[in-house]
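Protein chains: 2
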Amino acid sequence: MTAEVISAELLAVVVAMVGDEPCVLTLGDPTPRLPAGPLLPGHRSLQAATRRWVEEQTGRRLGYLEQLYTFADLDRDGSPTRTISISYLGLTTPNADMGYGAWRGWYSLLPWEDTRTTSRVLTAQITPQIRAWADQQPSLASGRRQRCAITFGLDGNPWQPDLVLQRYELLYEAGLVPESPSDWRSPDDELAPGDRMVGDHRRVLATGLARLRAKIQYRPVVFELMAPEFTLGQLQDCVEALAGRAVHTQNFRRLIEQQALVEDTGQVHAETGGRPARLYRFRREVLQERHAAGTKLPTTRSR
Amino acid sequence: MTAEVISAELLAVVVAMVGDEPCVLTLGDPTPRLPAGPLLPGHRSLQAATRRWVEEQTGRRLGYLEQLYTFADLDRDGSPTRTISISYLGLTTPNADMGYGAWRGWYSLLPWEDTRTTSRVLTAQITPQIRAWADQQPSLASGRRQRCAITFGLDGNPWQPDLVLQRYELLYEAGLVPESPSDWRSPDDELAPGDRMVGDHRRVLATGLARLRAKIQYRPVVFELMAPEFTLGQLQDCVEALAGRAVHTQNFRRLIEQQALVEDTGQVHAETGGRPARLYRFRREVLQERHAAGTKLPTTRSR
DNA sequence: CCACTTATGCTCCGACGTAGCATAAGTGGT
DNA sequence: ACCACTTATGCTACGTCGGAGCATAAGTGG
Numbered sequence: 001m002t003a004e005v006i007s008a009e010l011l012a013v014v015v016a017m018v019g020d021e022p023c024v025l026t027l028g029d030p031t032p033r034l035p036a037g038p039l040l041p042g043h044r045s046l047q048a049a050t051r052r053w054v055e056e057q058t059g060r061r062l063g064y065l066e067q068l069y070t071f072a073d074l075d076r077d078g079s080p081t082r083t084i085s086i087s088y089l090g091l092t093t094p095n096a097d098m099g100y101g102a103w104r105g106w107y108s109l110l111p112w113e114d115t116r117t118t119s120r121v122l123t124a125q126i127t128p129q130i131r132a133w134a135d136q137q138p139s140l141a142s143g144r145r146q147r148c149a150i151t152f153g154l155d156g157n158p159w160q161p162d163l164v165l166q167r168y169e170l171l172y173e174a175g176l177v178p179e180s181p182s183d184w185r186s187p188d189d190e191l192a193p194g195d196r197m198v199g200d201h202r203r204v205l206a207t208g209l210a211r212l213r214a215k216i217q218y219r220p221v222v223f224e225l226m227a228p229e230f231t232l233g234q235l236q237d238c239v240e241a242l243a244g245r246a247v248h249t250q251n252f253r254r255l256i257e258q259q260a261l262v263e264d265t266g267q268v269h270a271e272t273g274g275r276p277a278r279l280y281r282f283r284r285e286v287l288q289e290r291h292a293a294g295t296k297l298p299t300t301r302s303r
Numbered sequence: 001m002t003a004e005v006i007s008a009e010l011l012a013v014v015v016a017m018v019g020d021e022p023c024v025l026t027l028g029d030p031t032p033r034l035p036a037g038p039l040l041p042g043h044r045s046l047q048a049a050t051r052r053w054v055e056e057q058t059g060r061r062l063g064y065l066e067q068l069y070t071f072a073d074l075d076r077d078g079s080p081t082r083t084i085s086i087s088y089l090g091l092t093t094p095n096a097d098m099g100y101g102a103w104r105g106w107y108s109l110l111p112w113e114d115t116r117t118t119s120r121v122l123t124a125q126i127t128p129q130i131r132a133w134a135d136q137q138p139s140l141a142s143g144r145r146q147r148c149a150i151t152f153g154l155d156g157n158p159w160q161p162d163l164v165l166q167r168y169e170l171l172y173e174a175g176l177v178p179e180s181p182s183d184w185r186s187p188d189d190e191l192a193p194g195d196r197m198v199g200d201h202r203r204v205l206a207t208g209l210a211r212l213r214a215k216i217q218y219r220p221v222v223f224e225l226m227a228p229e230f231t232l233g234q235l236q237d238c239v240e241a242l243a244g245r246a247v248h249t250q251n252f253r254r255l256i257e258q259q260a261l262v263e264d265t266g267q268v269h270a271e272t273g274g275r276p277a278r279l280y281r282f283r284r285e286v287l288q289e290r291h292a293a294g295t296k297l298p299t300t301r302s303r
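Protein chains in written order, with our numbering: chain A, 1 to 303; chain B, 1 to 303.
Source of the hints: derived by calculation from the structure; they are not laboratory data.
The reader is advised that the hints may include incorrect statements.
Which stretches of chain B does chain A cover? Using the computed rule of at least three CB atoms under 8 Å from a CB of chain A, they are [as the list claims (entries may be wrong)]:
1) 5-15
2) 59-71
3) 135-147
Across the chosen pairs, the derived CB separations fall in these ranges [as the list claims (entries may be wrong)]:
4) A/31 with B/288: 28 to 36 Å
5) A/63 with B/287: 48 to 56 Å
6) A/180 with B/173: 30 to 38 Å
7) A/52 with B/288: 37 to 45 Å
Residues on chain A that point at chain B, a partial pick, calculated with CB under 7 Å [unchecked claim]:
8) 39
9) 40
10) 46
11) 48
12) 68
13) 70
14) 72
15) 86
16) 277
17) 279
Glycine included, C-beta positions come from ideal geometry on N, C-alpha and C.
From just these sequences and the hints, can you work out the full model?
Dropping the structure here:
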């Protein structure tokens, strides 16, 4: 009984803020895909291999890189040798050269994840569809209804930003994303909005988003996405874009300052048509100093 | 340029409470190792493969199972084909048949992780050694000292239960665990206490412990380790054993009750030589109901 | 009946998150 | 110069929750 012959593939979810929008690095034109590549004999470690592939395919170096999850389902394609996919989450800034890849907005791929504006027109489109799915099989309805309510924050349940993966999986099961085996849905049914990706890459993206949203709450990783100097307003915009949710400005500032995560540069930034904002710099020391609590999200119900 | 030929191996950290002690399922006699096995063509998924191997090698079924981390370092052994190790964390109860494996106490493998008693004789033995290591190279001393202080809670820093992996890695780097390439330490030096394990299995164990300690704080997973019915005292003992730390009794009860994690069975348990305790049962519904906050640890400084 | 143990109830306090009010300091238009 | 508007920043009131201590209940073993 010898071990199965398999090959390993590295998958990268590389995130950066482009303007005000959080984006992912993608390749491929008709249908986008994540940068990926096989593990080769020359690679020293999985992380190093991921770095090399991203660099080679997109021409950019990565800073922060963290392992996400390892998949190895049989049904990924019909090939005889099984492929194991090890996914990573990387964070960068987009200022450098563009390379070959394209930055694609998170919320064009997962539109229902953006709840910053009260609009939620997206959810208003999705809600009835998942409700219909829930009631489809009477025997499962009660469980499904509850699951919808929790993952999508219906019926008085709070909307939880980091349930990204659970939401994607529910939509997948409900046949509402084009990646689903759509056997059981008639082709004229309207699907949930959002561009599809190759294979299960959108699910991997959702995994990355979920991890990032969870992580900014207890570790100061937002700063990996910021320019060296920034205003508190920009920082807040970034956090809000990542969390897909508005935060209470004053409390956010207090939180950042009281934790001494940043230091004043003494300079100001005045290009917003309002009172000029102080420029701050991340105190990199905190990464050593403490196993620090990162950006808590002061929730706000208004707005 | 074809993909490297590799094999994949599953590694399991299976945890259960045996009496009052948290234990890991191990195999092998002179030096313990974790249950493990290669990924075979018949396996449907990584998780299923792990289940099968644990079952086959130890004769026990697993309930809760969660992916931990994937390793693939070149130096794991000298073989030409690379091995990728995918590690999992499993939780069970030990009441069933013992199978072939042996339950080994966490704290016999990682003694410095138990800070329930103020004894800390262990730490009192380790502290001077890591201090010596920190001061060994003057150029690195300041950074190393701070790292020791944070990971081991010295110099007024709080002791953080979930830094298990960081502590193990520090001891490894300092050459204080027998798994270290001990080149640079003279053989008569006294090492940190704790039984060694095969290969890097002890590091994997540390990873599992870290994950579990972190997880019980925000997800109700403790109950996977409890008998169907239990007293709040037993639950607290379990949490304390896992966290390696004492918690404030009254606050712990308040926390559990206010979250409605358990329900009264109406029965009592009177074998402790004190006032009989009510017996409770985990409300499995909460797993559905909410993405619930699990056992927060009401820290206690006294005791 | 007493000493001891475990279980359980209740209260006080301080930290922090939530929220609203108020002010400062720019821009662009009249 | 003045005004409307925008963004930045400061401060205070309030409620919730975690941290800690005091007190009581209800068993066991001498």
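Each hint, compared with the structure:
no.: 1; hint: 5-15; in the structure: holds (count 5)
no.: 2; hint: 59-71; in the structure: holds (count 4)
no.: 3; hint: 135-147; in the structure: holds (count 3)
no.: 4; hint: A/31 with B/288: 28 to 36 Å; in the structure: holds, 35 Å
no.: 5; hint: A/63 with B/287: 48 to 56 Å; in the structure: violated, 37 Å
no.: 6; hint: A/180 with B/173: 30 to 38 Å; in the structure: violated, 47 Å
no.: 7; hint: A/52 with B/288: 37 to 45 Å; in the structure: holds, 43 Å
no.: 8; hint: 39; in the structure: holds, 5 Å
no.: 9; hint: 40; in the structure: holds, 5 Å
no.: 10; hint: 46; in the structure: holds, 5 Å
no.: 11; hint: 48; in the structure: violated, 10 Å
no.: 12; hint: 68; in the structure: violated, 10 Å
no.: 13; hint: 70; in the structure: holds, 4 Å
no.: 14; hint: 72; in the structure: holds, 5 Å
no.: 15; hint: 86; in the structure: holds, 5 Å
no.: 16; hint: 277; in the structure: violated, 32 Å
no.: 17; hint: 279; in the structure: violated, 28 Å
Hint violations for this structure: numbers 5, 6, 11, 12, 16, 17, all remaining hints satisfied.
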